[in-house]
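**Q** From these two lone chains plus the hints, build me the complex, please.
This is what each chain is made of:
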Amino acid sequence: MSILQTTDLKKYYGAEPNITRALDGVTFSVEEGEFVAIVGTSGSGKSTLLNMMGGLDIPTSGSVRVRNQELADMDEERLTIFRRRNIGFIFQNYNLSPILNVYENIVLPVELDGDTADKKFMEVVISMLGLTDKLYNMPNNLSGGQQQRVAIARALVAKPAIVLADEPTGNLDSHTSADVLGLLQRTSNELHQTIVMITHNDSIAQLADRIIRIEDGRIVGKE
Amino acid sequence: MTLAFENDTRKVIRRLARRSMQADRRRSLFIILTISLAVCLMGMLGFIQSARKMQTREDIQGHYQAGCIGTLEEIRQLADTGKFEKWGYTVDGPRIRYGDSNLSLAFVDPGMIDLMKSGQITGAYPQTDTELCIERAFLEHFQLPAEPGRTITLDLGQGESTYTIAGILEKENISREFTCWLSESAALALAGHTENPYELRFRFIQEQPGDVEQLRADINAFFREMGISEERTFFSSNYFEAMELYLGSDVEAYLLSAVIALICAVVIYNIFYISVMGKMREYGRLKVLGATPAQLRSVVKREQRLLTAVSIPPGLIAAAVITLILMPGYWAWADNLRFAAVISVLTYAMVLVAARKPLQLAGRVSAIEAIRTTVYSQQQECRIPRHNPRPLTLPRLARMNFSRSRKKAFVTSLSLSLTGILLLCVSAYADSIDADDMALSQFGDHSAYLLDLGPHKDFSGPDVPKLQQENPLGRALQEKLSALPGIDYITTYDQACVQIPEIWEGEPFHVTGFNEEQMTALFTEDMILDGFVDHRRLLHENGILVSPGGSTLKTVYHTEYQPGDTVTLESYSGQTKTYTVQGIVKHPQIGPSCFFILPTEELAVLYPEIDDFTTALNLHTKKDSEQLRQAVFDTVTSDNITISVLGDRTAEIKVSLQDEMRKYYGILIFVFLFSLINLANTLITNLLARQQEFGIFQSVGMSNRQLSAMLSYECLYYVGITLSATLTLGTVCSILICRSFDQLGLFGKVTYHFPVLQVTLFAAALLLVQAVFSICAVRYTRKLSLVERIKAVD
Numbered sequence: 001m002s003i004l005q006t007t008d009l010k011k012y013y014g015a016e017p018n019i020t021r022a023l024d025g026v027t028f029s030v031e032e033g034e035f036v037a038i039v040g041t042s043g044s045g046k047s048t049l050l051n052m053m054g055g056l057d058i059p060t061s062g063s064v065r066v067r068n069q070e071l072a073d074m075d076e077e078r079l080t081i082f083r084r085r086n087i088g089f090i091f092q093n094y095n096l097s098p099i100l101n102v103y104e105n106i107v108l109p110v111e112l113d114g115d116t117a118d119k120k121f122m123e124v125v126i127s128m129l130g131l132t133d134k135l136y137n138m139p140n141n142l143s144g145g146q147q148q149r150v151a152i153a154r155a156l157v158a159k160p161a162i163v164l165a166d167e168p169t170g171n172l173d174s175h176t177s178a179d180v181l182g183l184l185q186r187t188s189n190e191l192h193q194t195i196v197m198i199t200h201n202d203s204i205a206q207l208a209d210r211i212i213r214i215e216d217g218r219i220v221g222k223e
Numbered sequence: 001m002t003l004a005f006e007n008d009t010r011k012v013i014r015r016l017a018r019r020s021m022q023a024d025r026r027r028s029l030f031i032i033l034t035i036s037l038a039v040c041l042m043g044m045l046g047f048i049q050s051a052r053k054m055q056t057r058e059d060i061q062g063h064y065q066a067g068c069i070g071t072l073e074e075i076r077q078l079a080d081t082g083k084f085e086k087w088g089y090t091v092d093g094p095r096i097r098y099g100d101s102n103l104s105l106a107f108v109d110p111g112m113i114d115l116m117k118s119g120q121i122t123g124a125y126p127q128t129d130t131e132l133c134i135e136r137a138f139l140e141h142f143q144l145p146a147e148p149g150r151t152i153t154l155d156l157g158q159g160e161s162t163y164t165i166a167g168i169l170e171k172e173n174i175s176r177e178f179t180c181w182l183s184e185s186a187a188l189a190l191a192g193h194t195e196n197p198y199e200l201r202f203r204f205i206q207e208q209p210g211d212v213e214q215l216r217a218d219i220n221a222f223f224r225e226m227g228i229s230e231e232r233t234f235f236s237s238n239y240f241e242a243m244e245l246y247l248g249s250d251v252e253a254y255l256l257s258a259v260i261a262l263i264c265a266v267v268i269y270n271i272f273y274i275s276v277m278g279k280m281r282e283y284g285r286l287k288v289l290g291a292t293p294a295q296l297r298s299v300v301k302r303e304q305r306l307l308t309a310v311s312i313p314p315g316l317i318a319a320a321v322i323t324l325i326l327m328p329g330y331w332a333w334a335d336n337l338r339f340a341a342v343i344s345v346l347t348y349a350m351v352l353v354a355a356r357k358p359l360q361l362a363g364r365v366s367a368i369e370a371i372r373t374t375v376y377s378q379q380q381e382c383r384i385p386r387h388n389p390r391p392l393t394l395p396r397l398a399r400m401n402f403s404r405s406r407k408k409a410f411v412t413s414l415s416l417s418l419t420g421i422l423l424l425c426v427s428a429y430a431d432s433i434d435a436d437d438m439a440l441s442q443f444g445d446h447s448a449y450l451l452d453l454g455p456h457k458d459f460s461g462p463d464v465p466k467l468q469q470e471n472p473l474g475r476a477l478q479e480k481l482s483a484l485p486g487i488d489y490i491t492t493y494d495q496a497c498v499q500i501p502e503i504w505e506g507e508p509f510h511v512t513g514f515n516e517e518q519m520t521a522l523f524t525e526d527m528i529l530d531g532f533v534d535h536r537r538l539l540h541e542n543g544i545l546v547s548p549g550g551s552t553l554k555t556v557y558h559t560e561y562q563p564g565d566t567v568t569l570e571s572y573s574g575q576t577k578t579y580t581v582q583g584i585v586k587h588p589q590i591g592p593s594c595f596f597i598l599p600t601e602e603l604a605v606l607y608p609e610i611d612d613f614t615t616a617l618n619l620h621t622k623k624d625s626e627q628l629r630q631a632v633f634d635t636v637t638s639d640n641i642t643i644s645v646l647g648d649r650t651a652e653i654k655v656s657l658q659d660e661m662r663k664y665y666g667i668l669i670f671v672f673l674f675s676l677i678n679l680a681n682t683l684i685t686n687l688l689a690r691q692q693e694f695g696i697f698q699s700v701g702m703s704n705r706q707l708s709a710m711l712s713y714e715c716l717y718y719v720g721i722t723l724s725a726t727l728t729l730g731t732v733c734s735i736l737i738c739r740s741f742d743q744l745g746l747f748g749k750v751t752y753h754f755p756v757l758q759v760t761l762f763a764a765a766l767l768l769v770q771a772v773f774s775i776c777a778v779r780y781t782r783k784l785s786l787v788e789r790i791k792a793v794d
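Just so you know, the sequences run in chain order A and B.
Position 195 of the first sequence, counting from 1, maps to 195 under the working numbering, and the rest follow consecutively.
Position 7 of the second sequence, counting from 1, maps to 7 under the working numbering, and the rest follow consecutively.
Next up, chain B with everything else stripped away, as it sits in the complex (with noise of 0.2 angstroms):
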């Protein structure tokens, strides 16, 4: 701001900077470079969260709201309300076995396709009671014919039959549980004689979207309406009331923006210092001529500013670009703006933070310094021992030019070891985590095989203890699985399907009953969080455990527990029975999970009816095989019995993690360009700047080849350093990540691996780079004569 006293010197601060830039274009493209690359990391890193943000709420949101069962011609009533935004209907025909997979049979309409995005049809749906859509994956797993018009036998339930395929269900399934679509006609036969085999969904009309409370009034009215009784109506959970849960936060993007603005400071930082210093003759020519140090530190502010400015947009752009190339159709505006606006402040606050000292440096020049002051000055520093025999060899001479800047030598090879250090942790991560451990942790009670109650993962509500009366998982089929060759044991446990109207009214809830051996067992002193575990205490005194699943239990039911607050539970068969919370517990991982423990016993006085309460059994083997997996599909012939499988849990933790790996490797190849372009900077920098002394050497006798092994050496200085910051601080830093998770149990068991190819593969890019620079640098130094370069002035 020029006040009324002062001379407007606007014009010729903007008119030196302008020329410092146009003069000094390589620094101007390298500032540009590394601003606009660390601009499109951040900015993709916001794009894509918020990319993926809207796709999750779209998978959610838009796939239905709500539902009902009834006839088609109630559900042709429904529809031709107009009050629907999208709608659609199946027919769920049973799960069968095929083999060592489950296969789920069902009508799907158009409308459901897309309603509910259900894949791609290669060919079409079928129309007649011998066609059928299938899974690719599907007919890949059991070499089937992939094409549409071919036949396949299968045993839908009614015997072998042959049918021909309609059409190929396009999509992803790593798993064994498929899919078949069959015609209307042949899903109704196969869903047997019941009173309402239609499911409606649908997306309603709504006047005020956003508002789900009023959406949920709406759509009750609706059915009241219309006639459809509660009990026939369903809501999305997942629509309504765990949005938040899947979304996740913006944490860790701006956590990752933060570590990336870190390094492009530094990155920015070496690159205005020895810009700064390259030019602190003119500035103190400048000085000389009568400028103010405050006009010296707005030239350099000024750059700063035009540089940033210019770089910010191509960054986001490119960003932008990315992101619609990696997810077309997800662009968030309001959210992509948001991002860009805190990027380009967090940009422009980077630069400012990193050009600080460089432009102090440039302010505090007295004018006669800067004119001393050379590329070697900072050389007056250094001592030489006063007998120095040592022979001056090439990598003497590279040594003595990498340290005559330090802080330049320092700050690049910070940079290049940041890179490294950040690849051996996540390639060391990445290399130690066991995925076969991980899913081990996460799946069933370390069991290889777990056998849930029910067709489906999610059965729930009045129809478990309806099938628990004839227990399918009962005594008969434990003995048969623990009968197979290479089962070890089985372990089995205990639930019961209530209702908790205080928290959810004709919601399910589960009840887990454990023995006094299992609850001595699970409930060991850490799992514990609040009050205690008595089995005895528990059966005499009413008790009950409240195992709140992290903060599952709070955010999607909005219910908290303390011990001595009182549940009511209801069972389906009308027993009503309140207890007490005596203790607060972590959720034991046993297989299927629940929110309320009671003692064994008490599920009886809540369902007397039922004798078997089994509703999970694992199976546990120490040599899984596929032989012992087809055994097991092939005793469990119950189409009420859900089996998942632990190697095919560990599929799919491999392929996620690969695609986790792969973004956090994406980061890094950014980072690592980062580095290089300081790296290069210093190195054409330093090259620009020592012609002159090169001339020296070489009219002193220093052939070419020479000074290219002279300049290698140099280079190979920063490997050498970049490598053993890596390998040293990199290495303690890996195992210290590994050890972490390993302790959190989160992974599984992490055990420490050197990630040796990566490591290989960055120190061969490294001397690829050193390789080419010493080339371009005598190729570069040759292009002047020697006579020129003598004669050089800086």
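Isolated chain A, as found in the complex (with noise of 0.2 angstroms):
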């Protein structure tokens, strides 16, 4: 089953002669518990890609269905919920808040929905993650990999349709990613959870089930 679909996605900044087209007809989908890669070179647009599909920006034109539910017809508000509901994000620069320690970092998208959060499954998250020590310390006295572990806790806890994943390893050495990486494919499989990870290293890419190449803003290949 498909849970997320894109449909000659575009988006363009400028305008004619001087136009850049970060995406030019992009369409693909990803099925329910699969580990895709988007790689690409710096620029390719992918990073942008990624935006679209987390509807934290808007496309200039196309289409994307998160579990067949069209992101362009929802108003702020309604994707705002939508997003801490069935989006989980990891950036490559962790992006915790740096107020609220690990355990309230984890439970924040779930808490914001007025929610909380399903305990089992948290402690399976965090036991997972190697981060039951850690629940009470703050964001600036871990260390990156162990930041980048708590991001990962965060947009897993909601158990959300699909985790969207930019560069989780871009700011971590290579013990520290391929340990992340691991985890990313232990989250995938272990929980069936669906995961998009952009990156441009293509070692990194060839952890996932997928990858989709992307250049220009066109894919240029799905492996």
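Hint data in this document are derived by calculation from the structure and do not stem from the laboratory.
What you are looking at is a predicted structure, and each value in this text was computed from that prediction instead of being measured.
Warning: the hint list may mix true and false statements.
Claimed, not checked - Taking beta-carbon pairs under 8 angstroms as the criterion, some of the chain A residues facing chain B (in silico): (1) E104; (2) L108; (3) R154.
Claimed, not checked - Pairwise CB distance ranges, derived in the manner of DEER restraints: (4) B:K407 x A:N140: 54 to 60 angstroms; (5) A:T27 x B:P395: 31 to 37 angstroms; (6) A:T27 x B:R15: 50 to 56 angstroms; (7) B:P395 x A:N189: 55 to 61 angstroms; (8) A:N140 x B:H753: 49 to 55 angstroms; (9) A:V220 x B:K407: 50 to 56 angstroms.
Stated by the list, open to error - Here are some chain A residues the structure puts well away from chain B; computed CB gaps all over 12 angstroms: (10) Q5; (11) K10; (12) P17; (13) G25; (14) E76; (15) R85; (16) N105.
All C-beta atoms in this analysis are idealised placements derived from N, C-alpha and C, irrespective of residue type, glycine included.
**A** Here is the structure:
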């Protein structure tokens, strides 16, 4: 079952003749439980694509459907609520709230929804990510790898339809990168979580179930 | 200063400071605005103070210096000498009673109107005996037609007649003491057959302006030369003696300036602190590149100096403009330049002190720490309980944000709270003062009506004993007044008018006489400053009591008495007697004032020809009314009695209290503006610094509404703290202030009233700021896309 679909997705900046085509007719879909890597060089449009998929940015034209719901049809308020229930984000620079401790960062999307986190599921996630001892630490006191684990936990805890990871290892050393990528793989396998990861690194992309290559805003290959 | 062996780095420091200011325009604007506002407010206090002094000086000095009575011919002769800078003359008619008010009749020539600044005339000055010029307040009070050309029926002492209103005198008057100007011939007819009906007043052309003693000597010589005897001349005691008494001092302006400077310093400290904290990374980078702590401090110091230099002139200009609008024509260059210099120095010192700590922080930053410093750095110190199951509600998130920089939050709350506390104190004081009680504490012997001997309040000199020989305040009148329905009882006080050449030749002084009962009742222990009060000993040992009236005797007459000193009193009928000072006492509140007190029996020694020395009569009533007022005025038919009414005094006090409070509320508005600048700076800085964080929150599902609510709660914490401090500390302070004033007794009974309206308005203003902020904050946040905000780096 397709959990995410993009159809002829376009994102243009500026106007002719100086128009920049960040995305130029991208169409693909992601199946439930799939771990997909989107690979491209710097400036290829992969981050723009991720932002469109996550409803963080608005496309010039085309459609993004998550769980069969068209993101473009939603107003800002509805989109925000949809996002916190259905989409988890993992950013390159972790983007943890510095004023919240690890536990609070993890439960933030759930609690913003006025809900409480599924304790059992959370324990599984926390234990899998090795954060049990760090729950009450502040983000500043954690290493980069630990912070990224917290970001992964935060992305997973609301049991989203899809997790979007934007260069999740971009700020980490090779050892920690391997560790984080292993965790993403385990998450995909053990929790049957759909993940779309963006990377410029081909060897990292190889860990995914499927690779989509993007160049100059267009899909140039699917493996 | 660059030493010979050092490299000159001033250029790069100048450039860094300039760029820093350009890069942080908002902060620079806030600092300029704060300093300018403070300078403007301090400047206004100073400039208006000097303008008021100038106005007072002009009022006192500009009127007249000396004068004399005489015939019209004599006056013309004097004026024709060309020795007067300004002059004018009057013919004083009687002071008549009209309804429940007093009407002073006179002819006043145009020169006198100008000299005495008597007010503007709408219409014309009366030319015939059936015309008059009367105060607008009089016409309005009696609901008479207030239009030139209309006729009114008045009894000006010669039976009722119809008069045409030639002119209306426009001047502020809230009392019921009115002026009516007549034609010269009409005033002469009313003045009766006096030898010297004309009174001349003038300002002398001075060869050496400012030398008052020389001026007095010159005027005396002039009078002698022109053949005007000394007893026909008079000098303005205000001009020659009491100037300083009226001018007051600049202490109040300086004190208020110091308070403003303090509040402004708190705001500037916070703005600089936030700014330096926000620039720690930049300073760290500079340090990595080789900037020394001294150089970093120099950059901040230079910014500080430039901002102060830029801020002071607009503040002073604004203050000058406001002063010129409020008090046109009263610009005292010398005083104002002095004030401007003091304010500039005070402001610079205030900025130096306020920016000292941020300056040290900038200098002390270590390169690596600075690079690690973010706006969230202080969060590391935050301790969150290990087991923390509390849900992340929006108020809790807001509280976390609020407390992330406690110092910033504290200083911002402090400046807002100071405003609240000041507001509560001022408004509680304003609401708690009882103008009726205040008037009562200053009026008569706490009576409702005070009847003084003489046609006017300042009646003095040899005419007093003449009038006392057939005293209009005598027993007959007292009995009539006692019988009026509503009058509870009356009290009377005796005085005699004498001369004391050892103090001032020719100056009349009043001596009060008390009987034993009065003396015992009035001079309780707390009223005696030195020596003793014993009626019998005063009588048997030729004793006298001195009541220096605070420092008035010393200030005006340059005289001081101690127990044991002697005073020689000379009556106008030639009796002389020397008394020994037995006690120095506070002035008893009886109505008329005086410096010397004797047993009543001694007044008869000075004036054996007088039987009744009554000079003041106080009417006491529990419930005053218009009917009673009318009855009192109707009963007192003599023009040689001045009636003062407590109700009029209350009205005057209410007006002056309103003026005073307007001034304090004006200052409070400025102080509130400082606090708002501080709050705005804190909130805006937070908002700008946390765009990325908001992006994070929104990327994980915080809606705009939730963001707005969170920011509202954050602002609400400031509002909450401010209101809590206002309601607790402010209430305590205001109660203490009101109690102190109550104990001092200067303002009558001060009964504490909580200023509900003012505090509600203050709370509403704060809540309005909070609402506006949350709307603007979300609008600003929306300007950047979520993606841009997430990627934002400081």
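**Q** Compare the structure with each hint and give your call.
**A** Evaluated hints:
The restraint placing A:E104 at the interface with chain B holds, with a minimum CB-CB distance near 6 angstroms, inside the 8 angstroms limit. The criterion of a C-beta within 8 angstroms of any C-beta in chain B is met by A:L108, whose closest approach is roughly 6 angstroms, and the hint holds. This hint holds: A:R154 has a C-beta 7 angstroms from the nearest C-beta of chain B, less than the 8 angstroms allowed. At about 18 angstroms, the CB distance of B:K407 to A:N140 disagrees with the hint of 54 to 60 angstroms.
Restraint check, A:T27 to B:P395: a C-beta distance of roughly 45 angstroms breaks the suggested window 31 to 37 angstroms. With their beta carbons about 54 angstroms apart, A:T27 and B:R15 fall inside the hinted range of 50 to 56 angstroms. Roughly 40 angstroms separates the CB atoms of B:P395 and A:N189, a value that falls outside the hinted 55 to 61 angstroms. For A:N140 paired with B:H753, a C-beta distance near 52 angstroms keeps the hint of 49 to 55 angstroms intact.
Checked against the hint of 50 to 56 angstroms, the C-beta distance between A:V220 and B:K407 comes to roughly 54 angstroms, which is consistent with it. Residue placement check: A:Q5 keeps its beta carbon more than 12 angstroms from all beta carbons of chain B (closest about 21 angstroms). Every CB of chain B lies more than 12 angstroms from the CB of A:K10, the least distance being 16 angstroms, so the non-interface label holds. No Cβ of chain B comes within 12 angstroms of the Cβ of A:P17; the nearest lies about 25 angstroms off, and the non-interface call holds.
Interface exclusion of A:G25 from chain B stands, the closest Cβ pair being 21 angstroms apart, more than 12 angstroms. Residue-level check failed: A:E76 sits 6 angstroms from the nearest beta carbon of chain B, not beyond 12 angstroms. Annotated as non-interface, A:R85 brings its C-beta within 12 angstroms of a C-beta of chain B; the closest such distance is 7 angstroms. Its closest Cβ contact with chain B, about 9 angstroms, brings A:N105 to no more than 12 angstroms, contrary to its assignment away from the interface.
In this structure, the earlier hints numbered 4, 5, 7, 14, 15, 16 are contradicted, and the remaining ones agree with it.
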